[in-house]
Every structure is written in C-alpha cells, then in structure tokens.
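Protein chains: 2
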Amino acid sequence: MAHNKTEVRKILDAVKAAGRLSLTAPEGKKVCDAYAIPVPKEGVATSAAEAASLAAGMGFPVVLKIVSPEILHKTEAGGVLVGVKSKDEAERGFATIMANAKNYDAKANLLGVQVQQMLSGGQEVIVGAVTDPSFGKLVAFGLGGVLVEVMKDITFRLAPATRDDALSMLDGIAAAEMLKGVRGAEPVDRDALATLIGNVSQLVADFPEISELDLNPVFATAKDAIAADVRIVVDWSPAPARFRPKHDDIVRDMNRIMKPDAVAVIGASSETGKIGNSVMKNLINGGYQGKIYPINPSADEIMGLKAYKSVKDVPKDIDVAVFAIPAKFVAQALIEVGEKKIPGAVLIPSGFAETGNVEGQKELQEIGHKYGVRLMGPNIYGFYYTWKNLCATFCTAYDVKGHAALSSQSGGIGMAIIGFSRSAKMGVSAIVGLGNKSDIDEDDLLTFFEQDDNTSIIAQHCEDLKDGRAFAEVAKRVSKKKPVVVLKAGRTSMGARAASSHTGALAGNDKIYDDVLRQSGVIRAKALRDLLEYARAIPVLPTPKGENVVIITGAGGSGVLLSDACVDNDLKLMAMPADLDAAFRKFIPPFGAAGNPVDITGGEPPKTYQNTIRLGLEDPRIHSLILGYWHTIVTPPMVFAKLVAEVVAEFKAKGIEKPIVASLAGDVEVEEAAEYLFAHGIPAYPYSTEMPVMVLGAKYQWARGAGLIR
Amino acid sequence: MAHNKTEVRKILDAVKAAGRLSLTAPEGKKVCDAYAIPVPKEGVATSAAEAASLAAGMGFPVVLKIVSPEILHKTEAGGVLVGVKSKDEAERGFATIMANAKNYDAKANLLGVQVQQMLSGGQEVIVGAVTDPSFGKLVAFGLGGVLVEVMKDITFRLAPATRDDALSMLDGIAAAEMLKGVRGAEPVDRDALATLIGNVSQLVADFPEISELDLNPVFATAKDAIAADVRIVVDWSPAPARFRPKHDDIVRDMNRIMKPDAVAVIGASSETGKIGNSVMKNLINGGYQGKIYPINPSADEIMGLKAYKSVKDVPKDIDVAVFAIPAKFVAQALIEVGEKKIPGAVLIPSGFAETGNVEGQKELQEIGHKYGVRLMGPNIYGFYYTWKNLCATFCTAYDVKGHAALSSQSGGIGMAIIGFSRSAKMGVSAIVGLGNKSDIDEDDLLTFFEQDDNTSIIAQHCEDLKDGRAFAEVAKRVSKKKPVVVLKAGRTSMGARAASSHTGALAGNDKIYDDVLRQSGVIRAKALRDLLEYARAIPVLPTPKGENVVIITGAGGSGVLLSDACVDNDLKLMAMPADLDAAFRKFIPPFGAAGNPVDITGGEPPKTYQNTIRLGLEDPRIHSLILGYWHTIVTPPMVFAKLVAEVVAEFKAKGIEKPIVASLAGDVEVEEAAEYLFAHGIPAYPYSTEMPVMVLGAKYQWARGAGLIR
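Chains as they are written, first to last, in the numbering used here: chain A, 1 to 710; chain B, 711 to 1420.
Next up, chain A with everything else stripped away, as it sits in the complex (with noise of 0.2 Å):
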C-alpha cells in the first residue's frame, strides 16, 4: 500500500502554521485516507437521485446529514437521519432534510447534503499510538469499551510493526478470543484489521511530529475494520534522535575494552583497603596474562610493575583504563585517556548522577564524545571476561569459565550474581557492571556478546534502558542467534518508584516493556533468582527440535506438580501415541500410569530409569524429558544420577541430543545429585518442581522466538 507522505506533510504544515497541537477531524480523515487507514466513505449530494447513487456506492446503512454552514445544531434542525437502509429511503430522507433545513432557518444556505456510511455490529476496537521517552514510537491495540479499559487489556509494538508483530497483537491481548467470534458472532477479519494497525504504525514512524493517535472505535467486521473516530495530536519539538555509535565502531571498541591485551590502573595503589589496590590484585592474582600499566603520579613501582605519573607515559597501547581515584580527579584523568587514544574508561568511582552531580556525569560524557573514549559507569564494580583471566574490579575475583554474560545496573545485584555463581559453579564468560550507563549501556554489551565466541547466553538486570528503542533492534537481531534475558526492575507503579529515586531515570511503562521485550525475543525473567537460574540453566540444555515434552517420573506426586508447571511455562505434554504408550508400559509395573507423564511408580529399580529414558531419547517423536526423581534405597540419589548422565553420554556419542531436566524429590543426598546432573547436562534441582520445567519453558520460549522449532 503507498502512503501518500507528501499529503500528509501538506497537513502537517498548515496546521503547524495555525500555531496548533491537534488535527481537526477532517484533517485527520485526510491522514488516514493518505495512509489506507480506512474510515467511513462520505460524500456530499446535491440531488436527491445523487444522494441515493451516492449511498448505494457505499452500501446501507448510511448516515445523511445536512451540509450548512448557519446550521450548528443539525439534529435540532432536524437535519439528520441514520439508519437509512435503501436508495428510496436516501432518496426520500435527501427530500426531508432538505425540507427540514428550510423550515428552521429560510436564510441558511443549504449547500447540500452528506451522505456518510454508518458503522455498526462487529467487534468495536481501539488502535492507537503513543511516544515513549524511551522507545519512541509505539502502536497500541486492545478491544473497545469500558470493561476493557478496566481490565487494562491493550497491547504495544515498536513502530513501524510489521505484519507478523500486527498479527501477533490481535493474539496478544487476554480477550484475544473475542475477535475469533464467539457465540455464533463472525470472526474479524484479521488481514484488514493487521494492515490498519501496520499503516498506523507507518505513519507515526514517518512523522515523528505525531506523538499520540487514536483510532476510537474501529469497527472490525467480518469483512473489513474501519475507523469511526479520528484524534492525531502533535508536538512540534520532539525530542531528538540518541546519538548511537556505528555498530562497527561498538565491535572494534568493545572487543578491546572487553579482551585487552593491555590495562592501565588508573589510581593504582600499594596500600591495602584502597580501591585501586584491589583492583591491581585482582588483576594479577587472577591470572590476567596482558600488560598492566599501574598509573599513580607519586610511585614508580607498584606490586613489581613499574607505574607511570601518567597514561600519557605509557610508551606502548593501553586497551582499557580502570579509573580507581575520587570522583573530582576522573575528569582531567579521562582527557588524559582520550590524548593516549584509550578506546574504553572503566569509571569505578562514585559520585556522579547518583548522588545527584549529573553535572560531572554530563563532562565525563562529553569528554568521552569528544575523544571517542567508550565509558563504563561510572558508579560500577568494574567488569570480569573470565577467558582472559580477566577481574577488572575491586569486587572478589571470579574465575569459573563458561559461556553466559551477566550484566547489572545495581552493584548490589553485582555482588548477588557474584555470589550465585560461585555457590552453584556456574560457569560465565563475563559479568559487567553498567551503573549509571552515562555511554556504555545494554545494546552494547549485546553488541560485542552476540559476536563474543565464549558467550552463548546474555543475561542482563536493568532498571531503566537509556535507549529502549536501540536495545529492543539489538535484541531483535541478537536473540535469533543467542538467547536474552532481562530482569527489567521498576516492573511494578511501586517498584518504579523506587528505581527513580536511585537512578534519577524514569521508569517506563510496564506493559511497554513487557510487550517491547517480547516483540525482540528476549525472555523476560520475573525475578532475580530467575534470572540466575536461566543464565545457569539454558546454556547447558541442547536446543529442542520440535514441541513434544514427556515426563518421565518415579513419583505421581511429582508428576502432576510437574504438569502443573508445564502449563505455567507454556510447554507441551505429548499425546503420547499408542504404540509409544506400549513401549514405555513394557518397562514400568502394570499400575504405573498411562500416558504422560509416564508414572513408572516409585521404589523402581535403575534399570526402570534406564529404559524408559532410553526410549525417551530414542524416539524421534519426542523432543524433551522432564524427569521426576523420587530417592528410594532401591535407585539412590547418585546411583540415579550417574545413570542418567551415562544414557545421555551414550545418545550424545550418537548424534541425539535432547533437553533434559529433573526433578529431585528426596533427603539430602538429592542436592550432590544434582550438582552432578548440571555438571553432566542436565539441570536438576532438588525439592523443586518447579524451577526445572521454568528452564526447560525459557529455552523452549527461546528457541520458538529464534525460528528453530516449526
């Protein structure tokens, strides 16, 4: 469909030189005709033979209605009809309004009468767009009417929305079902009310001046969806695009500022207790195998490296600076850093934005632009890249490598990820702390992940997102390759508060970002704890090919709870087929239960365990296992365990690899279980039904939204 963008702009000038902020509603109708938004056909008859060629050209009902411009009050005039269903009755009713005109006012001038198509039955919706300071241009869609204002029921994309985000709206929102048609009502018609909701979506994103737009109601029918009421208002200064570095220049940056081969200390100390001796020592104690340059203007050596007065001394290139001094000495530091051509700051000190110097935070970036200097922080514990051995950081050291990439905007949060990992050996490839985000932010680090051989897995904590727009595009593209996690704080109008007061930054609107997240393919994490799971759990689960979950479990008791979960993570037990249904009751005692889950009952020997997994594995119909240990003296905890990760080890050696997770119902001994079972490929978690199927719902929630399962 071409938009007629020049039409558009024609309107946009006029009323941007009347000096006003909204459309009349027939300028808005003429927006809408010049974007293929659909809204009632109407046309003016001078005849009452045209009045009726006219209305039957756009088919009955239709609404005829005095055109004057001395008669305000048409329907006091008795210059209205509606309702008016046949050419003879448009004929007939063009005769008494025009009569009836005449009568109330002889001086008026009747120029005519409009003939407009009167809009009823099917499904009354709302479209409409809104800018977010964050996201910029969103389209938003829900159903008409108050119940559903009550309910809060509407749904938001990015725009421009492409078809598939315009199709998905219709099926996001809680009374999706009401446009299916129900109790014998005629289903909308999707394709109409998808195109209508895209060519919104194009136009706010063409004309940036647009900051709100409402379609209220759109009539969708079975046939068509047409807009009945038309409201644009406009803002004639909004609010400039974000600077945003190229993507390249971000890769060839971050790459440095992340795998350095040479770091400088900015404030390097000897002394215990001060940042920047923690920082020295955890850089060499953790084993960082590049050049460390300490900086400090009154040594010459510190802990055996020869240190410098200034970055500016340092003969050779210097990949990162750490910055460990007060806040009032960053600043001439950093324009040392940027004359060296450092590409990244690591600014550990506080005492910016977040005690309320947005001032000094605003030089830092200035300085930064002007030197091209990336800046992470300030405010931050600094950043870990275990494949270089590298702890850039006053925290304490972390060396478990493997391959997911946490982020956090909070220290504090710093220090729980920290301490998870360490407790459950979860192995990551980097742990960043972004603070106050003055430049280096979220789409950045996905930047350099996405591209990072040692990460498979990014999972980040944020607050606000500077830039959501710039994130939501990243993720988009990231997600389909690596999966993304974000626990997104401020989630509640309560907890929104709390964010501002921390970090000075406006926490949007929820459901924005809960539908934003979705719409790029990241997994939203609820809380904390989820988000520490799923860094820990996806990467270790093989992707599944295909939709069909069996559990399998030793307790019945585990088994419903197990299903539970199964629909709170939007996962699908497999109907197990009659054949397959044979074959697993071959292996398990004639009362084990039917189906799926698969009951083998408890007080089962390993073997049971051992064939019925086997089968599981074997056949190609299914695509994960869900297992439900129960500790019995007959199959103990590791004994169940290391069966496990043998069949697994065998169909691996074979080619097949399934997602498998478990369920540990039993005393103690079930927790060494399933730290064995995670180092082994499966994620296990004892006394929790639930946390194993969440995981498995996060790699499956992935895997859908990268295109891998059909």
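What the hints contain is simulated information worked out from the structure, not anything from laboratory work.
Incorrect hints may appear among the rest.
Stated by the list, open to error - In silico DSSO-like links for lysine-lysine, alpha-carbon gap of 30 Å or less:
no., chain 1, residue 1, chain 2, residue 2
1, B, Lys984, A, Lys85
2, B, Lys1221, A, Lys425
3, B, Lys1236, A, Lys152
4, B, Lys1186, B, Lys956
5, A, Lys545, A, Lys480
6, B, Lys1317, A, Lys328
7, B, Lys1135, B, Lys969
8, B, Lys984, A, Lys586
9, A, Lys180, A, Lys223
10, A, Lys642, B, Lys1135
11, B, Lys1236, A, Lys425
12, A, Lys180, B, Lys1221
13, B, Lys1016, B, Lys1001
14, A, Lys526, B, Lys1135
Stated by the list, open to error - If you want the footprint, here are the derived chain B segments under chain A, 3+ residues with CB under 8 Å:
no., segment
15, 1045-1054
16, 1396-1404
Quick caveat, the model's predicted, so the values are computed rather than measured.
Backbone N, C-alpha and C fix where the C-beta goes; we use that ideal spot for every residue, glycine too.
Given chain A, work out where chain B should sit, using these hints.
Showing chain B alone in chain A's frame:
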C-alpha cells in the same frame, strides 16, 4: 429476610411429581419470590386505568403484553409494547393492545394485559449456583456479557455464603471496578447485590436437589438488583452427605495416634532391608520413649524387644499400629487391631486403590468403620511427630523439633519435605503421609494440629480434597488461630489430568479451589518450594500489627526489586511521614534516597545499618521491615547478621517484636549469614529479592484473614 421453605418445597414436589428435571419460568419466579430474590414486578390489568396504576406502582418504563390463551405470537398480533414511560402511555397502550389483539383474532379470549417492569441500564451481572463433587453447593458471581465469558472472570463461594462472603465476591472478580461506576456510570447497590447473592446461596443450601441455578442476567443498578431470567435445574438423587466423625472423637483418636504411648509394629522384622525392620530401627534409634510392640507370628524377640504373634496378644493398651506387611495380609490384621480397640492404623503398604485394587481398599474402610479404627493411608511412608521422638516410617529419620506440621498426599513429595527440612535445618512438629486417604485426611490433621501446642503452622500438599467442604469448614476455623498453607497440585487442566491418572481422584475446577481456599483463610502455595519456604519462615516471623512496611537497603538495586516484590505480594510500602524521613536522613549519607525504600547506600559501616534498623523497630508507625543487605568489606555478611540479631534481641527484651526479613546480595559468605539470621528469627535469603518478601506477604495474608490486622 424470612425465606418461605414451604412454598419452595411445594413447587419442587410438583416438579418431581411431573417427572421434570428443570423448573418452568413461572416456577422459577415463584421460587425467587419465596427467597426474596428480586425479579421484575408484574401484574395483569383488565382495564386501562388498572394498567396505568399497576405500571405506576412498579415504576416506569414497563412492558405491556396481551394475555390470551389463543394468541401465541404476541408480537405478530401487535400485542406487545415496550418502553412504556408514563401513566398516559400505559392507558393508551392498554387500549391499543386490546384493539390490535381483537383485530388479529376476533375469537380470541382476551384476559387482559400483562404489565411488567422493564429492566435496563445498570450493570448486567450473573449470579448462579453449582454443585461440586467435593465442595457441594457453591454460589457464583460474575459480570454478564460475552467478553466476561471469554475472560472467565467468575468467582465462587461455598453456599450458604455469609454477607461478608457475598460482599467479597463483588471485589473478587478482575473487573470489580465496573461495579463501582466507571466513566460516570453510577455504582451498583452493593447491599442489594450481596443480599441477592446471599439469598441464592441459602436457597441452594436449603434444597440439595437444586443442582444448578442461573440468574442471567441480573440488572444491578444504583437502587436495586433484579434477575431478568431464572433457570433452575434439579437432581432428584443428589450425592448423600459424607460420613464425618465427630470433632471430639477426631481429637481424641488423633491425639492417641499422633502422640502415642504405645506403638505396635505389625510385620516388625530383624531383617535389614525389610520395611518392618526400617520402621523398628526408626522407632528405636529415633529415641521414642513409649512402648514398642513388635508383631510377627514367627519371632519371639525383635531388636531386643519381646515380639507378639498378634496385637491381641499384647497385654497392655496400644495407641497406634504401624502396618509393614504385604497388602493381602492387611485386612485380617486390621480386624485384630479393631478387636484390640486400637484407635489408629498407619497403613504403609501399597497395592490398594493406587494400583487399581479399589475393592481391597473399600474392605479396609469397612473394617475401620466397623471397629472405629482410624486409617492413615494406605500407600504411605508413615509419619513423624518430633516432640515424641517418633519416626513411625520406613524412610530416613528426622528429629529437628520445631513448630511446622507438614503433610503430603504423595510419598515423593514427602521425601522432598524431609530433604528440604534437613537441608534448611527446619524445625518441624510433624510430617505425615496421607497417600490414598482411605480415611484420615487433611481436615483430620487440621483438627489435631489446631489443638496441638507444638504446632504453630500447618502446611499441606494435596492433589484432591475428598471432602472439600469439610476441609473448608475446618480450615476456616483453624486458620483464625494458626496459618494453614496448601499446595494444591493438579491446578491446571494438564496437571489435573495427571492427578486423575495418579490417584483416581477427579481434580476439581481450580478456580473453585482457589476461591474456596481463600474464603477459608488458607494461604495457597503456588509451588512446592513455596510451600516449604512458607513452612520454614512463617512460624519464625512475629505477627505484624499493621500494614506499614519499610524497606531499608544498602543496595539501591535491591530496593527496586524488593519494591516490585512488595506489589506482587500485596504489601504496602509505608508513605514516609516527614519527621520519620528526617530521622532516617540523620543516619544516612546526604545522597541516600529519601522515602521508602530507605536507601542507606553501599559502603556504609555497621553503625548505619544498626541506627536505621533500630529506628525502624522503635517507631510505632512502622510495622515490618525488609532489609536489603549489600556485601562490602566495610560491613561483611556475618557482621551484618550479628548486628541485626543483636538489635532484634535488644528490642525483644523491651517487648517490641516486628517481622523482619532480609535479602542478602553478596559473595558466598552471605549463605552463612542467611542461616545465622534465620536461626535468630529473621528469615533471610541469599541471591533472592523475591523470597523474603513472599514469606512476609504470606504472613500478612494470614494475619489479615485471621482478623489480627485492622
């Protein structure tokens, strides 16, 4: 409002005599009249004047309809007038209708004109009643209309419903706001609606043969609530009421069973690996101080104790017999138990209903009933009662005394309870396996634990409630004194299917469970781990005296997530009074965040935590504290844990106790700190901002339900 039972009985008798299964509309209307359920007023006028006066009496608008046995198609005959708005119109209408009718059929016998109150406007709602196999009669309430059907926004209460129950239903739907008047609409008359709901619930409670009732729609306006349409379905052979032992009998028998002075082990054995051997070992090694009587026909002595061939040979009284023999021998041994007048049998053996042997289980039930022996199981692990050092089970022993009583329907879940308890060092009073629940069920346990001074919380896992109504009634009473937590498995339709394959029990509609459990004051756990965490934390927390929660956090990031969790868990962050804000500010850095959360900022010394927590305990306007700890070298985890415990002890000595929970963000040392805090009365969780708030939220939910918070 007096209800006319005689009138309803008469109508139902007539319907039964006619062999019908539903009532006609006039019958339904009469039933409503008898129970003061408002229906449209109506009357027959034989003159125009009478029509006008009838109409005026019921209020305009009214509908007029010809009354004539010969005229079936009233509208066709011109015999219907809707929207009659005045006495004049009514008079004229009467004449018109009579004339039309005469004109239509001159031979028709015209009996007059029916004048009926015309309903419109207000909010359309549905009030109904259903019969649930477990809960019996339930009253239902929801908004009318298709959209509500799609959203499945309906709520249930046990019938009869109290006035409070009925009022709570108006707030119990997602669209509750609609009743309060949205967009200028008038709010509905809540009293009238609650009265109508109450009357419907009383009607179905009084007449068990009414199996279904629908008032759809009911027009709820600012001045009344009137049912426009009534549908009543009857069932002439309703399920008979279940047998229920008397309260005092339950208490007497359960006390002997759970706290026995003498235990017989039927099938006691010296042979390692036998269940009868494990039970003996657990009893003896567990330190049980009562009498133990091994029963075994082919042994004189077992593990140093004199053995008997039958319980009947034991010279003294026995309180409980633990069965450790194969299923086929159970019935005979149970008869002997009955003859010995032992009040309880713990039926560990499997091989009954769960394997399809329903008849065998029925036989046990009949024997138990005949001899007055209460049956636990069959198909269970047994039970623990720590305060008697009693491990009447073949599972691993457990002896950490505490105040949480747990039960599980499934053995696997029982093992998870043992493992979690041991791992978390959770003190318990009892752990009980209920298995097939042939007799003793959740409400028997509730009745016992209610009066058991060693128990302060009851946490139960169940898949079905065989007698949901009995459970709800007991839970409603018990939960006023002690928190009752339930994990109802088979919540979802997929889970419910597995439940039914597992136990042969029909899992009820989950929404009904949800509503009735809430009505009964039960805290519903969403997940196994939640059930366990509730059992561990709730008894540790003092009961809050009010709703004002304050977060004190060292990590701003935790503050945001803790705030999110407060909203999720229905906790109210106190709006900080200016004087209190100023008082907190004295202790924290100038850039610490104002209000609530109190952000003391990272890197603060122990003193800052001390001062702010002390202030939180001191000020009577604050009722609960949530602490967000951030691991730093200035205030290491154990230093924090000890200072909190100290402050809490100091205030306890002064008689001030408030619930405090803590979220610990830091390296692995926080795990030790969490354990220390928990042991000192402060539920604390590492790497989680959700769990501490969730358990505090549950404590609040209980306290509100029990009427302890105004």
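To see whether the hints hold, each was checked on the structure:
{"no.": "1", "hint": "Lys984(B) x Lys85(A)", "result": "violated (88 Å)"}
{"no.": "2", "hint": "Lys1221(B) x Lys425(A)", "result": "violated (41 Å)"}
{"no.": "3", "hint": "Lys1236(B) x Lys152(A)", "result": "holds (25 Å)"}
{"no.": "4", "hint": "Lys1186(B) x Lys956(B)", "result": "holds (17 Å)"}
{"no.": "5", "hint": "Lys545(A) x Lys480(A)", "result": "holds (15 Å)"}
{"no.": "6", "hint": "Lys1317(B) x Lys328(A)", "result": "holds (27 Å)"}
{"no.": "7", "hint": "Lys1135(B) x Lys969(B)", "result": "holds (23 Å)"}
{"no.": "8", "hint": "Lys984(B) x Lys586(A)", "result": "holds (27 Å)"}
{"no.": "9", "hint": "Lys180(A) x Lys223(A)", "result": "holds (13 Å)"}
{"no.": "10", "hint": "Lys642(A) x Lys1135(B)", "result": "holds (27 Å)"}
{"no.": "11", "hint": "Lys1236(B) x Lys425(A)", "result": "holds (28 Å)"}
{"no.": "12", "hint": "Lys180(A) x Lys1221(B)", "result": "holds (25 Å)"}
{"no.": "13", "hint": "Lys1016(B) x Lys1001(B)", "result": "holds (11 Å)"}
{"no.": "14", "hint": "Lys526(A) x Lys1135(B)", "result": "holds (28 Å)"}
{"no.": "15", "hint": "1045-1054", "result": "violated (count 0)"}
{"no.": "16", "hint": "1396-1404", "result": "holds (count 6)"}
Of the numbered hints stated above, those contradicted by the structure are hints 1, 2, 15, listed in ascending order.
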